[in-house]
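Visitor: Read off the chains here:
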Amino acid sequence: MTTDAKLKAKDFKSDQDVRWCPGCGDYAILSCVQGVMAELGVSKENTVFVSGIGCSSRFPYYMDTYGFHSIHGRAPAVATGIKVANPDLSVWIVTGDGDALSIGGNHLIHLLRRNVNIKVLLFNNEIYGLTKGQYSPTSRQGLRTKATPFGSIDHSFNPISLSLGAGASFVARTVDTNLKHMREILLQAAAHKGTCFIEIFQNCVIFNDKVFDEVADKQVRNDRLVTLAPGEKVVYGSDGDKGLRLNGFDLEQCSADEAMVWDASTASAAPAMLFADIDRASDLPTPIGIFRKVERSVFENDVYRQMDQVTSNKGPGDLKSLIYTGDMWNVD
Amino acid sequence: MTKTKEPGAELPLQQQEEVTIRFAGDSGDGMQVTGNQFTNTSAVVGNDLATLPDFPAEIRAPAGTRPGVSGFQIHFSSADVHTPGDAPDVLVAMNPAALVVNIGELKPGGMLVVNTGSFGPNDLRKARLEKNPLEDGSVDGYRVIEININERVRLALADSPLSTKEVQRCKNFYTLGLMYWLYSRPLKPTMNWLQEKFAKRPELVEANQKALQAGFNAGDIHEMFQGRYDVQACDNLPAGTYRNIMGNQALGLGLLAGAEQSGLKLFLGAYPITPASDLLHQLALYKNFGVITFQAEDEIAAICAALGASFAGCLGLTTTSGPGVALKAEAMGLAVSVELPLVIVDVQRAGPSTGMPTKVEQTDLLQSIFGRNGEAPIPVLAASAPTDAFDCALEACRIAVEYMTPVILLSDNYIANGSEPWKLPDLQKLPEFKAKFRTNPEGYLPFMRDDRGMRPWVVPGTPGMQHRIGGLEKEDGTGNVSYDAENHSLMTHRRHDRVQSVRETIDTPEIFGPDKGEVLMLGWGGTRGSIQSAADRCRAAGMSVANMHMRHLWPLPKGLDEIFSSYKCVLVCELNLGQFFRVLRSEFPQYNFLSYTKVEGKPFQSVELTRHVQELLEQ
Numbered sequence: 001m002t003t004d005a006k007l008k009a010k011d012f013k014s015d016q017d018v019r020w021c022p023g024c025g026d027y028a029i030l031s032c033v034q035g036v037m038a039e040l041g042v043s044k045e046n047t048v049f050v051s052g053i054g055c056s057s058r059f060p061y062y063m064d065t066y067g068f069h070s071i072h073g074r075a076p077a078v079a080t081g082i083k084v085a086n087p088d089l090s091v092w093i094v095t096g097d098g099d100a101l102s103i104g105g106n107h108l109i110h111l112l113r114r115n116v117n118i119k120v121l122l123f124n125n126e127i128y129g130l131t132k133g134q135y136s137p138t139s140r141q142g143l144r145t146k147a148t149p150f151g152s153i154d155h156s157f158n159p160i161s162l163s164l165g166a167g168a169s170f171v172a173r174t175v176d177t178n179l180k181h182m183r184e185i186l187l188q189a190a191a192h193k194g195t196c197f198i199e200i201f202q203n204c205v206i207f208n209d210k211v212f213d214e215v216a217d218k219q220v221r222n223d224r225l226v227t228l229a230p231g232e233k234v235v236y237g238s239d240g241d242k243g244l245r246l247n248g249f250d251l252e253q254c255s256a257d258e259a260m261v262w263d264a265s266t267a268s269a270a271p272a273m274l275f276a277d278i279d280r281a282s283d284l285p286t287p288i289g290i291f292r293k294v295e296r297s298v299f300e301n302d303v304y305r306q307m308d309q310v311t312s313n314k315g316p317g318d319l320k321s322l323i324y325t326g327d328m329w330n331v332d
Numbered sequence: 001m002t003k004t005k006e007p008g009a010e011l012p013l014q015q016q017e018e019v020t021i022r023f024a025g026d027s028g029d030g031m032q033v034t035g036n037q038f039t040n041t042s043a044v045v046g047n048d049l050a051t052l053p054d055f056p057a058e059i060r061a062p063a064g065t066r067p068g069v070s071g072f073q074i075h076f077s078s079a080d081v082h083t084p085g086d087a088p089d090v091l092v093a094m095n096p097a098a099l100v101v102n103i104g105e106l107k108p109g110g111m112l113v114v115n116t117g118s119f120g121p122n123d124l125r126k127a128r129l130e131k132n133p134l135e136d137g138s139v140d141g142y143r144v145i146e147i148n149i150n151e152r153v154r155l156a157l158a159d160s161p162l163s164t165k166e167v168q169r170c171k172n173f174y175t176l177g178l179m180y181w182l183y184s185r186p187l188k189p190t191m192n193w194l195q196e197k198f199a200k201r202p203e204l205v206e207a208n209q210k211a212l213q214a215g216f217n218a219g220d221i222h223e224m225f226q227g228r229y230d231v232q233a234c235d236n237l238p239a240g241t242y243r244n245i246m247g248n249q250a251l252g253l254g255l256l257a258g259a260e261q262s263g264l265k266l267f268l269g270a271y272p273i274t275p276a277s278d279l280l281h282q283l284a285l286y287k288n289f290g291v292i293t294f295q296a297e298d299e300i301a302a303i304c305a306a307l308g309a310s311f312a313g314c315l316g317l318t319t320t321s322g323p324g325v326a327l328k329a330e331a332m333g334l335a336v337s338v339e340l341p342l343v344i345v346d347v348q349r350a351g352p353s354t355g356m357p358t359k360v361e362q363t364d365l366l367q368s369i370f371g372r373n374g375e376a377p378i379p380v381l382a383a384s385a386p387t388d389a390f391d392c393a394l395e396a397c398r399i400a401v402e403y404m405t406p407v408i409l410l411s412d413n414y415i416a417n418g419s420e421p422w423k424l425p426d427l428q429k430l431p432e433f434k435a436k437f438r439t440n441p442e443g444y445l446p447f448m449r450d451d452r453g454m455r456p457w458v459v460p461g462t463p464g465m466q467h468r469i470g471g472l473e474k475e476d477g478t479g480n481v482s483y484d485a486e487n488h489s490l491m492t493h494r495r496h497d498r499v500q501s502v503r504e505t506i507d508t509p510e511i512f513g514p515d516k517g518e519v520l521m522l523g524w525g526g527t528r529g530s531i532q533s534a535a536d537r538c539r540a541a542g543m544s545v546a547n548m549h550m551r552h553l554w555p556l557p558k559g560l561d562e563i564f565s566s567y568k569c570v571l572v573c574e575l576n577l578g579q580f581f582r583v584l585r586s587e588f589p590q591y592n593f594l595s596y597t598k599v600e601g602k603p604f605q606s607v608e609l610t611r612h613v614q615e616l617l618e619q
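Chains as they are written, first to last, in our numbering: chain C, 1 to 332; chain L, 1 to 619.
Just so you know, these hints were derived from the structure itself, not from any lab. Keep in mind it's a predicted model, so treat the numbers as computed, not measured. Do not take every clue at face value.
As the list claims (entries may be wrong) - For the chain L half of the interface with chain C, some residues (derived, Cβ under 8 Å), not all of them:
1. L256
2. Q295
3. D298
4. P456
5. P460
6. I469
Every residue gets a Cβ at the ideal spot worked out from N, C-alpha and C, and that includes glycine.
Make the full structure from the sequences, and use the hints.
Guide: So this is what it looks like as structure tokens:
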């Protein structure tokens, strides 16, 4: 029952049938997360998965941990309440591009700025799946959907630059077709103190199939994706012979030898922002990996630190002295 | 050294049973401080009292203009006080704008104290007056006391190191001193308060104390008044220890007490909104009680965080006003669906939309009872007076914890900022409702029921009892997602029945007056005092009138059928267009309900209620 024995990935599977479409990228992510939970050796009872609404938000039902499937866009707020109420819990949010960036955009940025120690997994498939195929805030301009029969005219959000702009202390990206990389990112996120924002390129087979194939397909990904790993050179290519480096305020391709060494902890988020802004259509490879990782104070720790401080200054609260105070008089 | 005679000692002292004073000035004139000090001192001398501030929504509307007028009314008495008084006996007007805004409500023959120092051409222009109202007949029929307070304060503080501007800021204490003299109040409580308030600036303590004393002395020296008054202590109050308290403060203390009685950590998620923000300010002070206050990014996040905290084992609380309730509606539905305790406080203000944020109205009742998608029943109760807010807050916490449900507690602007003497509760006798977390996994299902129909509360961190909750319909017992038709019907009825079962633990409201007769005046919320006063007057005039006031508005308490059948008509008095009237008429179609309403952003006057009942009986 408790976690004396080492748990396995299957121990994190709930008894519920998983009901995503066959071929959905969510299956791979679910299985990876369950594996990472086992690897981390966390206890099921101290883990909480919180979600909003959307295909990805069914995720908590499939985890044998505590879970809260809340309302559209509000998972960051619900999760903040849970984490602040009990900081001993490991709290994870599973969300999608519509849930986190459209209806819940406000909550996401405020979660990131507060730096509550919560891990956010944003399954980005650039489409509304559950409502059957409308364009989302990450859909590419021109995308034809039922809601945009002549093509979307909306400019899209870039989840990575948005979270960098909101002051996130940990920002990463991974893809549903590279579980080895996803595992590494999840392990790093688990170790980070503060809000972790992880964008996962996730394929929706029904409404936006193969949207990431131009960079993430196994045939091309070595040349079209580049991994940002702190302390390592920014190199890519099937032969590992290509690299990226800074030229003024621009990134440019170079040889592996000339490639810059990635630093995710610079004082300014500007270098990360340059990588975030690489468009999939550009000649440069699309970055995955860790864009940003900085230490800063964690919200719930400060909540309790302040509470302790006030208590040590004022002494523990006494209701009676709070009520029986000020100018009082007696009536006999 | 010869002992100086007490100023005014030779003037006749007249006993009065009750007096209503309204202080009115520019919002920068410190009228709220003046009113609060007068209130506090009157409480200390043992009067029963009720107060009502009336201030603009703008922090500092342009000085001297009509929108910038800030008022504070106090009704103090040697007998029971139910309301802050209909019309003032005394109006203190610090400038022309304050005069013209308030003069219409001063009682005929009432006393008008005017600061003539602020009646220059510029002041008149700011108040958009072409003529000086002191000279154009506007104040005929009142006892006008003209006094140049600006000049008096300047002279009194001639030796002060303060700047001219700072000296003029002491005007309100001069005025307060004058009123203390007129109504024979002691200076000491305010002297002490000044000492504490400005402990770090002794020059301000000295100046304000000097101004207060000068105002007091002026009453005698300048022979402005024909006499002094006294209002004796009220001897009708039940025995006990008292202090004066504002509604919002009492509510905040009640929530804190509610958390203590439930044994839960209080988690407040709130977003700033007038007139509920004071609750956030107050609870933010109680960190040494383990209270967590979270100022969220919006109203929705505030309630969602509170609900998340409830899931994790706190007593979740969110405080707001009408527009915020509208934004929280979906999350309230989630709380209904997941069956977790949550307290939602709505300090009502006038609407719709932004409406009039600092004015009173009772227009959120139907929103509270019915304003959610789906069948989403929530118990609703309303505080009836500043001190009742303490008891109601406790009661809201009790229902939330005992019935695993969100609860809406209604207050309003009149209660929130009004004040009255509070008989301090015996903390040993507060209701107990310790929350129980289930920790035994044996036979546990997330949506199993106890004999009262409640599901067990299991908090994350409890081994072997991992479960998922959410807004999708749940299968009875297991809590698994279910779209089954019969199950949805069963769960909908379970949620309905659970809320209705709150009736088992609430009292039938008390009836004042005859237990059968012509008219039953019925109210809820902050109108209690006005209705009580009006009913008292009607009975004194020989009319067959009873009155009752309801705390629990949903579900309705038991025993109403018997009450309603005992009167020819039930007159539902409320500050909306008949919201509770509609509820009662649909629940009890067999009785004769009549509706009396008002939506002026102001409380009922007992006179208007009395007049209406009288007309009703004459028909």
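Visitor: Against each hint, give a clear statement of whether it holds in the structure.
Guide: Hint by hint, here is what the structure shows:
no. : hint : verdict
1   : L256 : holds (7 Å)
2   : Q295 : violated (10 Å)
3   : D298 : holds (6 Å)
4   : P456 : violated (14 Å)
5   : P460 : holds (4 Å)
6   : I469 : holds (6 Å)
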